[in-house]
Amino acid sequence: MENKNKLKAALPVILFALLCAIVLGLIAILPYDRPATSPNNSFMNLYNGGFVAQDGSLTYYIDSEGSLYCAGDNSKYYIDKASDSLCPYNVGIVYRTENDEVKYSDFDGGSVKTLIKGAKQMSVSGNWVFYTDEKDDLYKYFLQTGETKKVGLNVDQFMISSTAVVYLKEGKLYTARTDGTQIKPFLADKADGFVRYESYMFYKADGMLYSVASGNTANKQTYFEVDEFNINDKGIMFYTLDGKLYSKDITDEKAKAKELKVGTVKGGLCTNGDRVCFYDEKGNLVSCLADGSEVKELAKINDKEQK
1 MENKNKLKAA LPVILFALLC AIVLGLIAIL PYDRPATSPN NSFMNLYNGG FVAQDGSLTY
61 YIDSEGSLYC AGDNSKYYID KASDSLCPYN VGIVYRTEND EVKYSDFDGG SVKTLIKGAK
121 QMSVSGNWVF YTDEKDDLYK YFLQTGETKK VGLNVDQFMI SSTAVVYLKE GKLYTARTDG
181 TQIKPFLADK ADGFVRYESY MFYKADGMLY SVASGNTANK QTYFEVDEFN INDKGIMFYT
241 LDGKLYSKDI TDEKAKAKEL KVGTVKGGLC TNGDRVCFYD EKGNLVSCLA DGSEVKELAK
301 INDKEQK
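Just so we're aligned: 81 in this note's numbering is position 81 of the sequence shown, and the numbers increase by one with no gaps anywhere.
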């Protein structure tokens with residue numbers, strides 16, 4: 001009985017020690033560049049430029065004059081001049097400038113810090129900024145320490161999907177791990193744009209949209225002509241053709257594409273939660289729901305600095 005009482009008294013200590021061991025084990029095996037928890041840091045917002053990103057009640061966006069703003073419920077802050085690839089991180093935003101610099105700013109623009117120079121492309125995954133230099137070599141920069149590592153891949157276009165890099169090189173799609181190992185050809189076809197959704201790769205070639213399933217790339221599905229396309233995390237595809245905006249539920253084989261009556265679309269097609277954002281014919285930044293309803297103007301072409 002005494003031994004049982006001792007065991008019972010020691011049980012919380014044993015469980016705590018076991019929990020600590022599990023946590024330490026997970027820390028040891030989980031990569032720093034694990035997927036970002038926020039959907040706004042995913043390729044869904046980055047594929048067509050990453051001009052809009054939402055972080056809770058804050059919306060970051062770049063207007064048609066290249067000014068980066070953060071808008072809240074009752075306020076708007078000018079942050080900096082920016083080019084693309086908006087990625088919310090911590091209490092601010094990581095972004096790329098026209099001078100190929102990667103910067104971080106807090107939400108109100110009060111503290112702007114240059115992280116990387118000479119970045120042609122950029123994407124954030126977890127605590128890492130992945131970027132390419134002027135020679136198209138891929139690197140990753142650890143946001144918490146400033147540590148930089150060369151991944152060992154040369155890419156024309158890339159995205160981070162979990163612990164994998166999906167990238168284009170000379171028109172061909174490849175996959176690799178984020179440490180540069182396990183390089184594998186993904187498609188025999190040439191492509192000039194791609195988005196990965198769950199186990200499917202959607203890609204554009206000569207203006208036509210196709211998809212293939214991972215592990216079964218010989219079974220190719222042909223869709224329709226597109227100028228730009230993007231897919232949100234619910235499987236709704238948005239695409240443009242000749243200035244018109246369309247949507248299609250790719251999770252439903254019977255669903256047909258439908259035109260959204262939102263006027264002429266000039267580009268910048270980015271998913272933003274349940275909404276899609278785009279530039280209209282006047283250069284204003286506009287968003288709407290997947291059925292074309294609740295059209296909202298996020299930014300006018302002549303937006304000025306407001307603090």
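It should be emphasised that the hints constitute simulated quantities derived from the structure, not laboratory data.
Among the hints, a few may not be true.
Heads up, simulated DMTMM-like pairs for lysine to aspartate or glutamate below, C-alpha to C-alpha not over 20 Å straight-line [claimed, not checked]: (1) Lys135 - Asp80; (2) Lys244 - Glu198; (3) Lys296 - Asp280; (4) Lys76 - Glu65; (5) Lys256 - Asp280; (6) Lys258 - Asp227; (7) Lys169 - Asp206; (8) Lys135 - Asp106; (9) Lys261 - Glu297; (10) Lys300 - Asp136; (11) Lys266 - Glu253; (12) Lys296 - Asp136; (13) Lys76 - Glu101; (14) Lys120 - Asp136; (15) Lys172 - Asp206; (16) Lys282 - Asp136; (17) Lys266 - Glu297; (18) Lys135 - Glu65.
What follows is a list of derived Cβ distance ranges for each label pair [to be verified]: (19) Ile183 - Lys261: 27 to 35 Å; (20) Ser293 - Asp252: 38 to 46 Å; (21) Thr181 - Lys258: 22 to 30 Å; (22) Asp189 - Asp252: 19 to 27 Å.
For every residue, glycine included, the Cβ atom is placed at its ideal position computed from N, Cα and C.
Here is how each hint holds up against the structure:
no., hint, verdict
1, Lys135 - Asp80, "27 Å, violated"
2, Lys244 - Glu198, "27 Å, violated"
3, Lys296 - Asp280, "11 Å, holds"
4, Lys76 - Glu65, "16 Å, holds"
5, Lys256 - Asp280, "24 Å, violated"
6, Lys258 - Asp227, "16 Å, holds"
7, Lys169 - Asp206, "16 Å, holds"
8, Lys135 - Asp106, "30 Å, violated"
9, Lys261 - Glu297, "15 Å, holds"
10, Lys300 - Asp136, "34 Å, violated"
11, Lys266 - Glu253, "29 Å, violated"
12, Lys296 - Asp136, "37 Å, violated"
13, Lys76 - Glu101, "24 Å, violated"
14, Lys120 - Asp136, "8 Å, holds"
15, Lys172 - Asp206, "13 Å, holds"
16, Lys282 - Asp136, "34 Å, violated"
17, Lys266 - Glu297, "14 Å, holds"
18, Lys135 - Glu65, "28 Å, violated"
19, Ile183 - Lys261: 27 to 35 Å, "45 Å, violated"
20, Ser293 - Asp252: 38 to 46 Å, "19 Å, violated"
21, Thr181 - Lys258: 22 to 30 Å, "43 Å, violated"
22, Asp189 - Asp252: 19 to 27 Å, "25 Å, holds"
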